[in-house]
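Trainee: Based on the provided sequences and hints, a complete structural model is requested.
Number of protein chains: 2
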Amino acid sequence: MKIFSNPQTIQKSIKNLKLKKQTIGFVPTMGALHQGHISLIRRAKKENDIVVVSIFVNPAQFGPKEDLKSYPKPFVKDVKLCKKEGVDIIFAPKPESMYPKNYLTYINVEKLSGTMCGKARPGHFRGVATVVTKLFNIVQPDKAYFGLKDYQQSVIIKKITEDLNYPVKIITCPTIREKSGLALSSRNAYLSKEELNKALSISDSLKKAKELIENKKIKPVKNIVLEIKKIIKPVTDKIDYIEIRDAETLVEIKDNIDRKVVIAIAAYVGKTRLIDNIVVKPR
Amino acid sequence: MKIFSNPQTIQKSIKNLKLKKQTIGFVPTMGALHQGHISLIRRAKKENDIVVVSIFVNPAQFGPKEDLKSYPKPFVKDVKLCKKEGVDIIFAPKPESMYPKNYLTYINVEKLSGTMCGKARPGHFRGVATVVTKLFNIVQPDKAYFGLKDYQQSVIIKKITEDLNYPVKIITCPTIREKSGLALSSRNAYLSKEELNKALSISDSLKKAKELIENKKIKPVKNIVLEIKKIIKPVTDKIDYIEIRDAETLVEIKDNIDRKVVIAIAAYVGKTRLIDNIVVKPR
Numbered sequence: 003m004k005i006f007s008n009p010q011t012i013q014k015s016i017k018n019l020k021l022k023k024q025t026i027g028f029v030p031t032m033g034a035l036h037q038g039h040i041s042l043i044r045r046a047k048k049e050n051d052i053v054v055v056s057i058f059v060n061p062a063q064f065g066p067k068e069d070l071k072s073y074p075k076p077f078v079k080d081v082k083l084c085k086k087e088g089v090d091i092i093f094a095p096k097p098e099s100m101y102p103k104n105y106l107t108y109i110n111v112e113k114l115s116g117t118m119c120g121k122a123r124p125g126h127f128r129g130v131a132t133v134v135t136k137l138f139n140i141v142q143p144d145k146a147y148f149g150l151k152d153y154q155q156s157v158i159i160k161k162i163t164e165d166l167n168y169p170v171k172i173i174t175c176p177t178i179r180e181k182s183g184l185a186l187s188s189r190n191a192y193l194s195k196e197e198l199n200k201a202l203s204i205s206d207s208l209k210k211a212k213e214l215i216e217n218k219k220i221k222p223v224k225n226i227v228l229e230i231k232k233i234i235k236p237v238t239d240k241i242d243y244i245e246i247r248d249a250e251t252l253v254e255i256k257d258n259i260d261r262k263v264v265i266a267i268a269a270y271v272g273k274t275r276l277i278d279n280i281v282v283k284p285r
Numbered sequence: 003m004k005i006f007s008n009p010q011t012i013q014k015s016i017k018n019l020k021l022k023k024q025t026i027g028f029v030p031t032m033g034a035l036h037q038g039h040i041s042l043i044r045r046a047k048k049e050n051d052i053v054v055v056s057i058f059v060n061p062a063q064f065g066p067k068e069d070l071k072s073y074p075k076p077f078v079k080d081v082k083l084c085k086k087e088g089v090d091i092i093f094a095p096k097p098e099s100m101y102p103k104n105y106l107t108y109i110n111v112e113k114l115s116g117t118m119c120g121k122a123r124p125g126h127f128r129g130v131a132t133v134v135t136k137l138f139n140i141v142q143p144d145k146a147y148f149g150l151k152d153y154q155q156s157v158i159i160k161k162i163t164e165d166l167n168y169p170v171k172i173i174t175c176p177t178i179r180e181k182s183g184l185a186l187s188s189r190n191a192y193l194s195k196e197e198l199n200k201a202l203s204i205s206d207s208l209k210k211a212k213e214l215i216e217n218k219k220i221k222p223v224k225n226i227v228l229e230i231k232k233i234i235k236p237v238t239d240k241i242d243y244i245e246i247r248d249a250e251t252l253v254e255i256k257d258n259i260d261r262k263v264v265i266a267i268a269a270y271v272g273k274t275r276l277i278d279n280i281v282v283k284p285r
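Here the protein sequences line up with chains A and B, keeping their order.
In terms of the numbering used here, the first sequence is residues 3 to 285.
In terms of the numbering used here, the second sequence is residues 3 to 285.
Just so you know, the hints here were simulated from the structure itself, not pulled from any lab data.
Just so you know, not all the hints are guaranteed correct.
Pairs involving identical chains hold if they fit within one copy or between any two copies, as the list cannot separate such chains.
Each computed BS3-like pair below joins lysine-lysine, with the alpha-carbon atoms no more than 25 Å apart [said to hold, decoys possible]: (1) Lys103 - Lys262; (2) Lys48 - Lys17; (3) Lys256 - Lys151; (4) Lys121 - Lys262; (5) Lys103 - Lys160; (6) Lys103 - Lys113; (7) Lys171 - Lys103; (8) Lys17 - Lys145; (9) Lys145 - Lys85; (10) Lys256 - Lys103; (11) Lys4 - Lys82; (12) Lys48 - Lys160; (13) Lys4 - Lys145; (14) Lys20 - Lys171; (15) Lys210 - Lys283.
Everything numeric in this text was worked out from a predicted model, so none of it was measured.
Mentor: Written as structure tokens, this is what we have:
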């Protein structure tokens with residue numbers, strides 16, 4: 003396994019691999035790897051000759067009051083995990099080599115970037131879009147793997163790839179959960195035992211919403227949102243949003259749930275902002 | 003010579019050429035090819051195995067009141083010229099295949115895009131940046147060729163390439179001029195004989211400014227701007243700007259010309275907006 007930190011060096015190295023007709027699978031991460039990331043790596047291993055994992059806590063996607071500094075960075079542990087999983091190349095650049103002084107170029111995906119997590123975190127998806135574009139140019143993957151836990155992110159990345167004509171196939175993989183139902187997240191490390199218990203209300207409420215739509219055939223958006231609120235409001239510390247949107251386009255569903263939708267929640271448990279979602283199709 | 007209009011088809015075709023270790027030289031144009039474009043094509047021929055020319059009047063870089071509809075489109079003549087020059091591939095997409103319904107992704111280069119031509123033409127460089135990014139992803143060139151006539155554009159494209167880590171070498175080539183000094187431009191086709199004569203004042207004033215800086219050692223920016231104004235103001239119909247800026251960074255020079263600068267002019271002759279520039283280094 004090779005570890006690169008210089009963008010130009012890994013770019014040249016991958017160019018040579020491509021000239022040898024090796025296919026490149028890419029798993030971009032912010033490190034603090036958990037079973038969710040591992041599931042992406044394993045899928046990439048199956049489908050490509052070479053698997054590249056990037057480990058980069060991208061400053062451009064953090065707001066000034068967000069957790070950039072405290073975000074977990076267990077680099078040695080991450081490297082071991084990657085080695086164990088048979089990753090071929092790790093790309094772990096320094097922030098100053100990705101955003102040197104006088105850095106000026108940013109990608110914006112209109113409409114999609116301003117809602118949901120983009121409303122609560124202004125500039126977040128501009129940062130995500132920019133780093134993904136940069137990483138695609140550096141790693142030049144044939145396929146890139148993203149978890150559906152960051153649902154809005156996956157929709158935005160598909161849109162960028164299509165709009166900017168990247169020759170990259172975007173593969174989205176299911177959210178990995180604890181037995182309890184809690185969605186795996188590097189930010190779960192911030193939670194105390196008590197908070198972990200409280201956090202469960204989020205995945206519980208999504209399961210309940212799915213059941214109400216599928217089995218009880220409840221269709222009005224406002225009823226479903228109310229049921230979710232009943233479960234999470236007493237336990238969480240602040241609700242950023244509960245949204246029910248078209249699963250493909252993220253267009254808001256106003257009255258009745260009449261197509262495949264994503265139900266997405268962002269809420270705080272203590273000082274930790276958690277997100278989760280579920281895709282549901284009414285029967 | 004092959005002509006493609008479908009982005010996916012040319013992308014696949016070029017991928018195959020790259021697997022055969024062919025190097026790709028790329029000349030992006032809006033068609034209406036003149037000797038300026040030909041000089042780029044000839045340079046590309048010398049330096050690459052395969053030369054790709056794109057012909058695309060990019061709607062995203064035209065303002066709502068600009069000349070998108072009237073912009074010359076002599077496609078058959080352009081194709082003949084390319085064939086004569088030994089171009090290997092023409093890419094001439096339809097606007098709707100570059101910007102389909104629901105297109106949402108745009109590139110912005112901060113600071114550089116808001117001055118000079120960007121001030122007079124809001125959104126222009128966002129359109130340029132976006133189409134160049136798309137074309138780079140479609141054509142995947144090793145080298146791309148741009149004329150220095152669009153000086154600010156060349157600085158912005160270098161910045162995008164660097165910031166977004168494109169594995170593309172940007173080659174800038176000198177402005178080609180008539181014997182009279184007039185910079186070649188597809189928009190010269192709009193000019194009557196009388197207007198062509200008036201347009202000469204722009205290149206004349208730049209030549210004069212260069213001489214004043216190099217031989218008379220006149221340094222104050224305001225004096226040079228005054229000298230240029232003296233020449234072009236009586237003849238042109240509106241001056242958009244006369245700017246003297248650092249040739250690399252486009253930072254404004256405030257007092258004395260103390261480094262390599264670009265002197266750039268945008269002015270109207272009749273209804274036609276013309277631009278020209280000259281790079282000068284004080285001795």
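Trainee: Does each hint fit the structure? Answer for all of them.
Mentor: Status of each hint after checking the structure:
no. : hint            : verdict
1   : Lys103 - Lys262 : between (44 Å within a copy, 22 Å between copies)
2   : Lys48 - Lys17   : both (21 Å within a copy, 23 Å between copies)
3   : Lys256 - Lys151 : within (23 Å within a copy, 52 Å between copies)
4   : Lys121 - Lys262 : within (23 Å within a copy, 44 Å between copies)
5   : Lys103 - Lys160 : between (29 Å within a copy, 15 Å between copies)
6   : Lys103 - Lys113 : between (29 Å within a copy, 14 Å between copies)
7   : Lys171 - Lys103 : between (32 Å within a copy, 21 Å between copies)
8   : Lys17 - Lys145  : both (15 Å within a copy, 15 Å between copies)
9   : Lys145 - Lys85  : within (20 Å within a copy, 36 Å between copies)
10  : Lys256 - Lys103 : between (45 Å within a copy, 23 Å between copies)
11  : Lys4 - Lys82    : within (12 Å within a copy, 49 Å between copies)
12  : Lys48 - Lys160  : within (21 Å within a copy, 38 Å between copies)
13  : Lys4 - Lys145   : within (20 Å within a copy, 28 Å between copies)
14  : Lys20 - Lys171  : both (16 Å within a copy, 19 Å between copies)
15  : Lys210 - Lys283 : within (14 Å within a copy, 71 Å between copies)
This entry satisfies every hint, going by the numbered hints stated previously.
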